[in-house]
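Next come the chains, spelled out residue by residue.
There are 2 protein chains.
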Amino acid sequence: MVYGYIGSMKTQPGKRDDVVAILLSGADSLRELGCRSYVVGLAADDPDTIVVTEVWESKDHHGASLRLPEAKEAIAAAMPMLTGEFTSRELVVAGGLGAGD
Amino acid sequence: MVYGYIGSMKTQPGKRDDVVAILLSGADSLRELGCRSYVVGLAADDPDTIVVTEVWESKDHHGASLRLPEAKEAIAAAMPMLTGEFTSRELVVAGGLGAGD
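Those sequence lines, one after another, are chains U and R. Residues in the first sequence are numbered consecutively from 1, following UniProt numbering. Residues in the second sequence are numbered consecutively from 1, following UniProt numbering.
Keep in mind the hints are simulated off the structure, nothing from the lab. Possibly wrong hints are sitting among the right ones.
[Stated by the list, open to error] Simulated crosslink set (DSBU-like; lysine-lysine; CA at most 35 Å straight-line):
| hint | chain 1 | residue 1 | chain 2 | residue 2 |
| --- | --- | --- | --- | --- |
| 1 | U | K15 | R | K59 |
| 2 | U | K59 | R | K15 |
| 3 | U | K72 | R | K15 |
| 4 | U | K59 | R | K59 |
Assemble the whole structure, with the sequences as input and the hints as a guide.
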């Protein structure tokens, strides 16, 4: 089943753009890992919140990507700039524009 | 600015798949309206909740798409199958895989 994930994170004041840069730095390499979409957004109603929406070939593909050394390094680099306030939602992707291969 | 929208809706019991079919029916035609991504997902934790994540060239493109007769018809067809419980979040899209043209 195609897997969707929506995650938000809150950054320390003034650190949003630095975290966005980290999130975007690896985005191009995700396709070969089974990622169909990885969109980084800035919450329109909050200057310190980032929302990432993702589509993966499966939940396992998503999980495997997070265990890669590059991902762990990115998470370690971003974590000190985050407040620890996260939200997440998992989805079964039914289809749509941009959900395919 | 590239515009992102995450919207959820709750369906009447047993009506989720009917609403998903309505949402997907027009997805292919969205690209020419300025839509870069329109992904319909089923909430993994709730059998009656649908989440749509969208990326548009601008907020105006998104707004214009909702004023088309086809969109109004689709909304009118889906509305009786919804409970009226909606959430929405607007985003400024910073980039990522699937956020481009």
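Hints, verified against the model:
1. K15(U) <-> K59(R): 25 Å, holds
2. K59(U) <-> K15(R): Holds, at roughly 25 Å.
3. K72(U) <-> K15(R): Not satisfied, since the Cα-Cα distance of roughly 41 Å exceeds 35 Å.
4. K59(U) <-> K59(R): With Cα atoms ~31 Å apart, K59(U) and K59(R) stay inside 35 Å; holds.
The structure fails hint 3 only (numbered hints given earlier).
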